[in-house]
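Undergrad: Starting from the structure of chain A, add chain B where the hints point.
There are 2 protein chains.
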Amino acid sequence: MAVNPPKLTPPLSVPGFRVGTASCGVKSPELKGKRQDVTLIVSDVPCHAAGVFTQNRFRAACVKLAEATLSASATDIRAIVANAGNANAGTGEMERVWSQQLVDAGARAAGVESAKVLSASTGVIGTPFPIERIEAGMHEAAESLDADNWTAAAHAIRTTDTFAKWGSRTVTIDGHTYTLTGIAKGSGMIHPNMATMLAFVATDAPVAAHDLQPMLRRVADRSFNCISVDGDTSTNDTLCLLSSGIGLGHAPLTDSMAFEQALTELCIELAQLIVRDGEGVSKFVTIDVTGAATEEDARTVGHAIATSPLVKTAFAGSDANWGRILSAIGNSGVSIDTDGISLKADGIVMLERGNLHPDYRDEEGMAVFQREEFTLTVDLGMGEASATVWTGDLTHEYITINAEYRT
Amino acid sequence: MAVNPPKLTPPLSVPGFRVGTASCGVKSPELKGKRQDVTLIVSDVPCHAAGVFTQNRFRAACVKLAEATLSASATDIRAIVANAGNANAGTGEMERVWSQQLVDAGARAAGVESAKVLSASTGVIGTPFPIERIEAGMHEAAESLDADNWTAAAHAIRTTDTFAKWGSRTVTIDGHTYTLTGIAKGSGMIHPNMATMLAFVATDAPVAAHDLQPMLRRVADRSFNCISVDGDTSTNDTLCLLSSGIGLGHAPLTDSMAFEQALTELCIELAQLIVRDGEGVSKFVTIDVTGAATEEDARTVGHAIATSPLVKTAFAGSDANWGRILSAIGNSGVSIDTDGISLKADGIVMLERGNLHPDYRDEEGMAVFQREEFTLTVDLGMGEASATVWTGDLTHEYITINAEYRT
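These protein sequence lines are chains A and B, in that order. The first sequence: position 147 = 247 (my numbering), numbered continuously. The second sequence: position 367 = 467 (my numbering), numbered continuously.
Isolated chain A (complex conformation) (with noise of 0.2 Å):
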């Protein structure tokens, strides 16, 4: 029950990358053959990277090792190694032995050092890592490698969204033009600080390595960490971007705005894609907050709204419960002048500094809320910052599939 999923135009290579995929049954073995669930990303030199990692307390050891190779070689890594159908967390002791060995096998497989390999899982939590299919997997995913292979890999990662979530943008800089591609999951567990969603963005364009991380940590909180499906944050969560600056050696880009701007396009397109494909979401709605004192305060009071239980099912209902929205709002920590908030839906004012407006009548609201999508505008009357967050609803389809399934 995707809300509108675009149709999306093929994603374009990247000069130096191949992707390849296979398999293995990771979940099961009788899955084997039926769906791809393992993901070889390989860079023919070495790329500059970054990466953005969950902030949940609980971070699984592919999440550690991760950030421990960045942290060792930012500037040296060759290639990105997936797995879709086991988080391989929390299981105990084991789950650092384990992913040293998906490592190992993306490194054995690439042809390249496994220091220079980050990996990602994504699935079932607590369940052991079948880690012999998913050395034999990644060799058969080795054999497929080939540039225009991204779409076999935004299918592998998926584990129960429906459909794949890939993007490109090109950027044209001083005469070169760049590609970046990015391939997204997720579906549950949807929030801020990355919530159970892998995403991999690859790029020929040289950006400096001092500028990669911090570029990449801002371009998250405007993207990825302004969706919300369910206020939940995963054990896993990962974003990793690499930069690869083929054939120009990695001289910087003279204008890395440009090149933030487009990232920032693909990552929020990507995050979109990943809200419209939310656990049971029927609509897709985005949350304006303006006049804010800063930009975090606007982002937590777009959160506030987009977590509210009583609004996410308003949302579902169709109800054009403005007084929930003013009690998420009130809710959110943030300091507010209750008698200054604007609020519309859609260009429909409901309420004008505090007061109903008078010439908003229910209907109006209602008709809006009836929309597959629409957006909700806040303007706070505290100053001139702003922030957007997306989201969903809260259905009956969420239950089931949450309460039914063990995911």
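Check the hints yourself; a few may be wrong.
Stated by the list, open to error - Derived pair list, reagent style EDC-like, types lysine to aspartate or glutamate, alpha-carbon separation capped at 16 Å: (1) Lys164/A - Asp439/B; (2) Lys444/B - Asp462/B; (3) Lys164/B - Asp439/A.
Stated by the list, open to error - Selected chain A positions facing chain B (Cβ under 7 Å, derived; list incomplete): (4) Asn156; (5) Arg157; (6) Phe158; (7) Gly192; (8) Ile436.
Source of the hints: derived by calculation from the structure; they are not laboratory data. All C-beta atoms, glycine included, are put in the ideal place defined by N, C-alpha and C.
TA: Below, chain B alone, put in the same frame as chain A:
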């Protein structure tokens, strides 16, 4: 769909207090005569009083007014007036006027000064407050004032509650036996910091004025602030305590600890009744968090578990999904060592110091999660502090209640 609502024994009358109710059709004129919706609690003597109110930044006018009244004269309160059916919130400038009119009406009906009356309103947000009907009802309520009317009051403050909630305790100190009787309402929007709930407690015990407010805060933190239905906090939540000391002047209690203990037990009982009546709740789950560095850490972890949609849907689905519980603990923001955590369900050891217990079998956990009531025990292994949180599950019924009806 309440979870095992206990058959409550009749509340005890409290010397010096009389209670009256009436039906005036607060929510709509057609309801007049059909359900009681205004309540008046009157003390024969001036009371020491304390209040704990919503932390939502949108605080209804009645909350602001009650706070102002308490800060002006917390040693001299004579009455509480309450209505159900309309929260008198989100209605802009008229809110303040109507709130004062409600207090004035209660004061006239009780024959006391307005400055000695606390008020509370609960119900729909954003609908004009029908002050004329309520004023008429208040006079009718005054005519029914009676020491044995607590049950009627417990009914009259309900909104979506499926049963009325009350409780009594006695405590004997220095040969005097004192009575505490409380009533409460609340079923949705229930979360720490007082969520759409009202609770009023009256006692003839003479608690020193300067003790009362800090005591009520401590008690609230261990009772009403330890429950969660949906993580939402309303604009009107109010807990008020009146201590008359009737017949004893206000000579302070020699053993206020014994009184506080009785008050805590009473408030926990009322708080648990609210969870049992939570919107759509089909299970009553006790979350004991032990081994925390501080009591606040323990409570934060308990709430993180109690508010995770993935944990709550696992409760609903009778799925002993300990991975989701670990993930919720990791999201709590509390500093923990993930290798130190142990987890039990009704005595079945699931995890021991970060590892699945070798003897644990999934069927055992499933058997516990199928119960209508069970206890999760989380040992953080970080210290000696503990806290208990009570919560329910997240069900289809919750979605139905909140998506299909305007509340």
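Undergrad: Keeping to a limit of 16 Å between CA atoms, is the pair of Lys164/B and Asp439/A held or broken?
TA: 14 Å, holds
Undergrad: Hint check: Lys444/B vs Asp462/B, CA-CA at most 16 Å. Holds or violated?
TA: 13 Å, holds
Undergrad: For the hint on Asn156/A, does the least C-beta distance to chain B fall short of 7 Å?
TA: 4 Å, holds
Undergrad: Does the interface hint hold: is Gly192/A within less than 7 Å of chain B, judged Cβ to Cβ?
TA: Holds, because the Cβ-Cβ distance from Gly192/A to chain B comes to roughly 4 Å (cut-off 7 Å).
Undergrad: Holds or violated: Phe158/A as interface residue toward chain B, Cβ cutoff 7 Å?
TA: At about 3 Å, which falls below the 7 Å cut-off, the nearest Cβ of chain B leaves the hint on Phe158/A intact, so it holds.
Undergrad: Do the numbers back the hint for Ile436/A, that is, is its least Cβ distance to chain B under 7 Å?
TA: OK, holds: Ile436/A within 7 Å of chain B, min 5 Å.
Undergrad: Lys164/A and Asp439/B: Cα distance at most 16 Å?
TA: The given pair, whose Cα atoms are some 14 Å apart, holds under the 16 Å limit.
Undergrad: For the hint on Arg157/A, does the least C-beta distance to chain B fall short of 7 Å?
TA: 4 Å, holds
In this structure, every one of the numbered hints holds.
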